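Protein chains in written order, with our numbering: chain A, 325 to 771; chain B, 10 to 165.
Hints were generated in silico from the structure; no laboratory data involved.
Note that the coordinates shown come from a computational prediction; the quantities given were computed from them, not determined experimentally.
There may be inaccurate statements among the hints.
To be verified - Reference excerpt, derived from the structure (chain A facing chain B, CB under 8 Å, subset only):
hint: 1; residue: L353
hint: 2; residue: L355
hint: 3; residue: Y389
hint: 4; residue: F393
hint: 5; residue: G513
hint: 6; residue: D515
hint: 7; residue: L555
hint: 8; residue: T598
hint: 9; residue: D601
hint: 10; residue: D610
hint: 11; residue: L613
hint: 12; residue: E617
hint: 13; residue: L621
hint: 14; residue: G623
Claimed, not checked - Just a few of them, taken from the derived set where beta-carbon distance is under 8 Å, the chain B residues facing chain A:
hint: 15; residue: F59
hint: 16; residue: D61
hint: 17; residue: Y62
hint: 18; residue: C73
hint: 19; residue: K109
hint: 20; residue: R110
hint: 21; residue: S127
hint: 22; residue: N129
hint: 23; residue: G133
hint: 24; residue: H136
hint: 25; residue: Q137
Claimed, not checked - Pairs of lysine-lysine, DSS-like flavour, derived with a Cα cap of 30 Å:
hint: 26; chain 1: A; residue 1: K508; chain 2: B; residue 2: K140
hint: 27; chain 1: A; residue 1: K699; chain 2: B; residue 2: K140
hint: 28; chain 1: B; residue 1: K149; chain 2: B; residue 2: K109
hint: 29; chain 1: A; residue 1: K432; chain 2: A; residue 2: K608
hint: 30; chain 1: A; residue 1: K608; chain 2: B; residue 2: K80
hint: 31; chain 1: B; residue 1: K91; chain 2: A; residue 2: K764
hint: 32; chain 1: A; residue 1: K664; chain 2: A; residue 2: K699
hint: 33; chain 1: B; residue 1: K109; chain 2: B; residue 2: K91
hint: 34; chain 1: A; residue 1: K544; chain 2: B; residue 2: K149
hint: 35; chain 1: B; residue 1: K80; chain 2: B; residue 2: K109
hint: 36; chain 1: B; residue 1: K109; chain 2: A; residue 2: K699
hint: 37; chain 1: A; residue 1: K664; chain 2: B; residue 2: K80
hint: 38; chain 1: A; residue 1: K764; chain 2: B; residue 2: K140
hint: 39; chain 1: A; residue 1: K699; chain 2: B; residue 2: K149
Beta carbons: idealized from backbone N, C-alpha and C, even for Gly.
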Amino acid sequence: MAIEAPVPLLVGEVSVDVTVTPRGQEQKLRLGGIAHAARGFWASGKPFAVAAVVPHYLEDSARRYFASFGCSDFCTIGYISGAPNVTLVFDPTEVADQEYDALLRDEKSIALRPQASIAIAQNYTDILIFPGSFDLGQVCNLLDVNARLHIDVAYDVGGVDTLRALGRSISTIFMSTSSTLFVKIGSSGIDELARNFAALDPDVVILKENRGGSRLRDCKTAATHSLPAQLSTTVNSVGVGDVFAATYITHLGSGPLEAGMRATYASSAYAQTTDPDAFAAMVKRDAHLSLQEMIDLGGTALPWELRQRADIYLAAPDFVRADRRAIQRAVSSLQYHNFKVRRPVQENGELPINSDALTLDKTYRMDVALLDECKLLFAVPTGKDPGTLVEIGLAIARRIPVVVYDPDRECANTMVIAGSDCYSADLDACLNAVFVLLSKTERVSDG
Amino acid sequence: MDYFAPSNDTGHIVRYLEQILGNRSRRTLDALDLSLTDVHTMGSTGSGNFSDYPRGGQGGDDKCDKSFSVKLEDIEHCDYFKNHGTVPAVGTVLVVAHTKRIVAQTDTGEIVGNLPTSFNHLAGCLHQGFKYTGQVRDSKSGSVAIVTADFAAEAP
Chain A
325 MAIEAPVPLL VGEVSVDVTV TPRGQEQKLR LGGIAHAARG FWASGKPFAV AAVVPHYLED
385 SARRYFASFG CSDFCTIGYI SGAPNVTLVF DPTEVADQEY DALLRDEKSI ALRPQASIAI
445 AQNYTDILIF PGSFDLGQVC NLLDVNARLH IDVAYDVGGV DTLRALGRSI STIFMSTSST
505 LFVKIGSSGI DELARNFAAL DPDVVILKEN RGGSRLRDCK TAATHSLPAQ LSTTVNSVGV
565 GDVFAATYIT HLGSGPLEAG MRATYASSAY AQTTDPDAFA AMVKRDAHLS LQEMIDLGGT
625 ALPWELRQRA DIYLAAPDFV RADRRAIQRA VSSLQYHNFK VRRPVQENGE LPINSDALTL
685 DKTYRMDVAL LDECKLLFAV PTGKDPGTLV EIGLAIARRI PVVVYDPDRE CANTMVIAGS
745 DCYSADLDAC LNAVFVLLSK TERVSDG
Chain B
10 MDYFAPSNDT GHIVRYLEQI LGNRSRRTLD ALDLSLTDVH TMGSTGSGNF SDYPRGGQGG
70 DDKCDKSFSV KLEDIEHCDY FKNHGTVPAV GTVLVVAHTK RIVAQTDTGE IVGNLPTSFN
130 HLAGCLHQGF KYTGQVRDSK SGSVAIVTAD FAAEAP
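Construct all of the structure, not just a fragment, from the sequences and the given hints.
Set out below in structure tokens:
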């Protein structure tokens, strides 16, 4: 009789994600919460079991849905009351903060089912937990004490003390730069993060750094491995981190590094489509690659803390009386990803109309000096601003990488398009370009 | 459209347009200003029910069978430039291969340049038997060597 491969247990809330689209476009709705990780297991061909916290109304459809993705056992370990567990997503591409809005979140309560421990007290060797509004300690008490715990601590974990109170080691800790906990305990980098989690005796700490890739700290050897991002056009990035975690667990038998690399490819695929079959086909395609091939192919790696060293010159009509909505979108996006945006108009001053030539000359020289300090120029040439166009030309001449975000295509001109490294009306494409270009610069400066 | 990395994931509507346009150059499609979000209509849509169930392999990965245009990278560090001290002429036939990186090489196997890492998905496509053949659209030696090329996909 063949020995069946162990099935991982997936633990967390089931929710409904609604992507809020502009007026006139059809809304996009799909099952969220641990459903993202479930799709990750399924695409990798890994059966899994589920211990779910779910609203009553969603239980049957969730059970049906998970079964279609290869869920071998679905156990409801708690019920959500007072809220529908519906999350509104306003920026599915995460060019800036995704602005999650959970409906009726203040009315939400959870009643766990202690009798569920009987149903889930099987010998799961690996348990992947996505904390939520439920009591993490109580849920962990339902789980097999010998199982390896893997926890994504990015959301709904107040601090390291919450995890320490579980009274058991955590094999894998997943963290994201989007997390408020990361800002509190790890924003200086992976070393600080590993130090703060040391009391939990993890085997591995993984920091997911959005478009800048991920880093994997093997806590047993103290080695840190880069997992470069595979950037492409983002359709919907909600749940990519969950897919990363599920894929990592699926391939853990091949070692943490290979598991991490495969997780990177799978999460990239998940961001590119909301069609599960297309997603699975991409994962299947990339499964042909060996670990060494994935390492050699490279990708985009730009650690969170290093982004503060790469000053970005903002070329734009950043004037008080100008329409600065597009400029603000760009700045918010860059700052959300921890880039240091240098705004010459704010740093060197906005000159009044009819300023004399010497004043203009001084400001011009200060702006050019600022440009020379920067690793990249990001232009938003709204209103065909002549100053912005000159700054683009200066940067091209200096071989400073140029990214032009032109939302209304006002400057779709040969010199602007061909002279810049990226010209696009799509902020997502421009943001990818910033990561790719600065990642290359970082590689060069590191020798 | 994104001029940084020409999109090769344009979905079924663009495939249809390529057919009716006789698979002309990518610029023709760019002129129509179709973005990926315009053509990506699959997955759960609308708010009436959960419709994104697996369809048993229907749909699938449409990134491998797309033609594309690309500006090559690292040209001065590659075989062709080292061997000849220049870049290949316009019209030179190139094929895409997977060495360590995804590269464009001549039919005699000299590597002309790397493709940007945004084309890394071609590694999996090549493993699946897809082939990519094309030619140099533009090339220039000088302080910075430049080679751009157009490639067509051939399914296994």
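Hints versus structure:
no. : hint            : verdict
1   : L353            : holds (5 Å)
2   : L355            : holds (6 Å)
3   : Y389            : holds (6 Å)
4   : F393            : holds (7 Å)
5   : G513            : violated (23 Å)
6   : D515            : violated (27 Å)
7   : L555            : holds (6 Å)
8   : T598            : holds (3 Å)
9   : D601            : holds (4 Å)
10  : D610            : holds (5 Å)
11  : L613            : holds (6 Å)
12  : E617            : holds (6 Å)
13  : L621            : holds (5 Å)
14  : G623            : holds (5 Å)
15  : F59             : holds (6 Å)
16  : D61             : holds (5 Å)
17  : Y62             : holds (5 Å)
18  : C73             : holds (7 Å)
19  : K109            : holds (4 Å)
20  : R110            : holds (6 Å)
21  : S127            : holds (6 Å)
22  : N129            : holds (5 Å)
23  : G133            : holds (4 Å)
24  : H136            : holds (4 Å)
25  : Q137            : holds (6 Å)
26  : A:K508 - B:K140 : violated (49 Å)
27  : A:K699 - B:K140 : violated (37 Å)
28  : B:K149 - B:K109 : holds (25 Å)
29  : A:K432 - A:K608 : violated (39 Å)
30  : A:K608 - B:K80  : holds (28 Å)
31  : B:K91 - A:K764  : holds (22 Å)
32  : A:K664 - A:K699 : holds (10 Å)
33  : B:K109 - B:K91  : holds (18 Å)
34  : A:K544 - B:K149 : violated (51 Å)
35  : B:K80 - B:K109  : holds (18 Å)
36  : B:K109 - A:K699 : holds (28 Å)
37  : A:K664 - B:K80  : holds (29 Å)
38  : A:K764 - B:K140 : holds (28 Å)
39  : A:K699 - B:K149 : holds (26 Å)
Hint compliance for this structure: hints 5, 6, 26, 27, 29, 34 are not met, and every other hint is.
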